[in-house]
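Based on the provided sequences and hints, a complete structural model is requested.
Protein chains: 2
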Amino acid sequence: MKEFRAPLASVLLTDLYQLTMVTAYHQLGMERTAVFEFFVRALPRERGFLLCGGLEQVLDYLENLRFAPADLEWLEGTGRFTPHSIEFLKGLRFTGDVDAMPEGSVFFADEPVLRVTAALPEAQLAESRIVNLLSFQSMIATKAARCRLAAAARRLVDFGLRRAHGAEAGLLAARACYMAGFDATATVEAGRLFGIPIAGTMAHSFIQAHDDERAAFEDFARVHPRGLTLLIDTYDTIRAAHDVVALCGKGVRVDGVRLDSGDLAVLSREVRSVLDAGGCGHVRIVASGSLDESAIAALLAAGAPIDTFGVGTRLDVSADAPYLDCVYKLEEYAGRPRRKRSLGKSTWPGRKQVFREFDPDGHICRDTIALHDEALPGQPLLQPVMRGGRCLPRPSLAQSRAHARRSIDSLPEECRRIAAPEALIPRVSQRLSALVEQVDREFT
Amino acid sequence: MKEFRAPLASVLLTDLYQLTMVTAYHQLGMERTAVFEFFVRALPRERGFLLCGGLEQVLDYLENLRFAPADLEWLEGTGRFTPHSIEFLKGLRFTGDVDAMPEGSVFFADEPVLRVTAALPEAQLAESRIVNLLSFQSMIATKAARCRLAAAARRLVDFGLRRAHGAEAGLLAARACYMAGFDATATVEAGRLFGIPIAGTMAHSFIQAHDDERAAFEDFARVHPRGLTLLIDTYDTIRAAHDVVALCGKGVRVDGVRLDSGDLAVLSREVRSVLDAGGCGHVRIVASGSLDESAIAALLAAGAPIDTFGVGTRLDVSADAPYLDCVYKLEEYAGRPRRKRSLGKSTWPGRKQVFREFDPDGHICRDTIALHDEALPGQPLLQPVMRGGRCLPRPSLAQSRAHARRSIDSLPEECRRIAAPEALIPRVSQRLSALVEQVDREFT
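Protein chains in written order, with the numbering used here: chain U, 1 to 444; chain R, 445 to 888.
No lab work stands behind these hints: they were computed from the structure. What you are looking at is a predicted structure, and each value in this text was computed from that prediction instead of being measured. Heads up, some of the hints might be wrong.
Unchecked claim - Capping the alpha-carbon separation at 20 Å, the derived lysine to any residue pairs in SDA-like fashion look like this:
| no. | chain 1 | residue 1 | chain 2 | residue 2 |
| --- | --- | --- | --- | --- |
| 1 | R | Lys789 | U | Ser261 |
| 2 | R | Lys789 | U | Asp263 |
| 3 | U | Lys345 | R | Gly706 |
| 4 | R | Lys789 | U | Arg239 |
| 5 | U | Lys345 | R | Ala709 |
| 6 | U | Lys345 | R | Asp680 |
| 7 | R | Lys789 | U | Tyr235 |
| 8 | U | Lys345 | R | Gly733 |
| 9 | R | Lys534 | U | Tyr235 |
| 10 | R | Lys789 | U | Ser290 |
| 11 | R | Lys789 | U | Lys345 |
| 12 | U | Lys345 | R | Ser705 |
This is how it looks when you write it as structure tokens:
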């Protein structure tokens, strides 16, 4: 039987209409320079900011974008493309420029996060995968950043692989979470691919496979003499906590206990008392099960003595906001700014830049969306990251993680709030506003 | 620069604790037969049924599960595993049995959908990826089936790649949608991988790259003389519909027009009138933009003359229910039934089967969850699909699609409803109920 190995670097990871348009552009001689920008039209209601993620994978994709012989053969077999078009696709590479906000930057509605400047067919072809990669990691990085804000200095571990939408989602979610401030992931392959610390405890099945919970604890301790975390909620959490104390009394090194069900605020306090009374003050409490930033905030507000949060499903699918309303739109072609006017979906024309101003204590006080060549006060957020189809030196994941921390620290309080956050509304420069009117007069 | 090619068949696509437990089982000599079952604990509120998907990929995964030399080397380098454990992992293969509901079967809460019977380490190791694959495709297949119920015989196309959670999600969503009754996908790679019909129109960027919308239509027609679908909402939808009529008058073959914004019910009626009055009764109307089963149902209830729905984001992320509350739990080990009793997460012990009874008109009237060796009325839903680690003959995607159609047709009306559906509640056999009490007496 043929194994399913999704070809994730395939150039056919695109929508059919991209290929239809790309070959049409070629036939029509429309291969002049186009500028596309990726941005989010509106933030989800529950978000006061967004955190960029996924640029690294976009750059990999663009640098390696080409049609393999098998791709061309299959496309030819569809009967949808002329031999002339197939020949054109055969030679197609991405040779353009990319400017982008570094991963780990915070951003807001309508702000271009990535700008592609390339021959129209090259820039068009990449749309589907660029949106796919940037929107997912930005969405997860944002959710993870909110978990970090809720958890303050407590340890956060990504447990979400099993409920993530497929394997790539699990891997890229682990990456986005780490970049946004998580400490570790349970996903082993993400540890290998991205160098993220891995962590894990034990599952209920280990307990259940034994005839008795105490025997399971002893067995696990026997094979992990250098320290272990025990799952204590399979049958009776408090009784199990007493068993952990007894185990420590026998000289076993227990580092932590995990609670995965019930009222975590109540149970963590009771378990803490049992452990402390039994001289196990060093045993840390790990909590998991339907957690997200709101649950973490509520637990800590209730004084729950939890040291580590394992956050899974709701993080890896961004359950309260499982997609971003994001697009990649043509803003300029052949030297002329363009815009879309569709009802509720209109866009700002032209090559743009975002200028960010900070108040004296380092908090963001103003973002201005402007034309790329305006000289406005503030820090320009889009930076060159690819020139002529080749990547410029990139930050490491650790550097992006440090940048994310600084970015999140620069957010105003109302953006950082877990409950009812308020996003910053970027200004639009006068020149950009004037350009809209000009473009609307020119295009019909 | 190193390219990101996620190794989707990697055995390291698992949670660290699986490897910790698997090697512990080996060290402890716990390698007797275990039975794990995958099931959904509770249906999302908005669902009256679920539709199985993803079994094909699970079987591929199990058949090819092995640690490559590079995997073992990396694991050894983590310092978490003894040479003895690494040697054990080196020889590990999945040699067990799998019984499952065929893809395209409808199922309900607590019903085992897949049962793995294998040596404990083999069955444990596979948990994370099994849950990942079955939960995602079942979730998407269910959402797509609801779109099919809402759309009746109208054409449905998956447009969701760009907002899917990564590439694998986009590909597997396309597969799940097609299995559940969609007609086509826009995702080219899904067309190649799974043989799904591909479809697509044109994007706003094609219009915007032209100085004038009419010129864009004429250009697109020039390169697609055998028929085309034109996107008509970039500037003024009704004016564009008149332009389409004029284009048809010049002998251009226009198959369809696409609306992607605004009030689709109102616009589709107006556009239909313009087209019909202009002698373009053959031009079909394609609608897209924030659609899902509820929007489709509302549009059709409002009499919108839409022929094809392009469904994207809300389908490919199952936006109103972006995860299933599903698990893969140990139900038996070494010949003894087991169960988990954690508060709110308790399970039914033992190897189970689901017996489905139909009323005379072919609708499901009763599901009973029972022990696998009970002789109850009805059709047993779990069938052998793998024996000794080798797959038994499998249905094609077309066969699973036909099965899905029959399964959906067999649903009672209250399960099929788009608004406020009610799921069927399976019964539990007397023997299974009695077993719970027995297990609770035995395990503590």
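Q) Between Lys789/R and Asp263/U, is the straight-line Cα distance small enough, at 20 Å or below? A) holds (13 Å)
**Q.** Lys789/R paired with Ser290/U [C-alpha distance capped at 20 Å]
**A.** holds (12 Å)
Q) Keeping to a limit of 20 Å between CA atoms, is the pair of Lys789/R and Lys345/U held or broken? A) Between Lys789/R and Lys345/U the Cα gap is close to 44 Å, so the pair fails against 20 Å, i.e. violated.
**Q.** Holds or violated: Lys789/R to Ser261/U, with C-alpha atoms at most 20 Å apart
**A.** Between Lys789/R and Ser261/U the Cα gap is close to 8 Å, so the pair holds against 20 Å.
Q: For the pair we were handed, Lys534/R and Tyr235/U, check the Cα-Cα distance against 20 Å.
A: violated (34 Å)
(Q) Next pair to validate is Lys345/U with Ser705/R; report whether the Cα-Cα distance is within 20 Å. (A) Holds - the C-alpha atoms of Ser705/R and Lys345/U are around 8 Å apart, at most 20 Å.
Q) Holds or violated: are the alpha carbons of Lys345/U and Gly706/R at most 20 Å from each other? A) The given pair, whose Cα atoms are some 9 Å apart, holds under the 20 Å limit.
Q: Measure nothing beyond the straight line between the CA atoms of Lys789/R and Arg239/U; if it is 20 Å or shorter, mark the hint as holding.
A: The hint holds at about 18 Å.
(Q) Given the hinted pair Lys345/U and Asp680/R, is their Cα-Cα distance within 20 Å? (A) It holds: about 13 Å lies between the C-alpha atoms, which stays within 20 Å.
Q.
Check whether the Cα positions of Lys345/U and Ala709/R lie no farther apart than 20 Å.
A. holds (18 Å)
Q: Verify the proposed pairing of Lys789/R with Tyr235/U, using a straight-line Cα cut of 20 Å.
A: holds (11 Å)
Q. Within 20 Å, alpha carbon to alpha carbon, are Lys345/U and Gly733/R?
A. The given pair, whose Cα atoms are some 10 Å apart, holds under the 20 Å limit.
Of the numbered hints given earlier, the model fails hints 9 and 11; all others are met.
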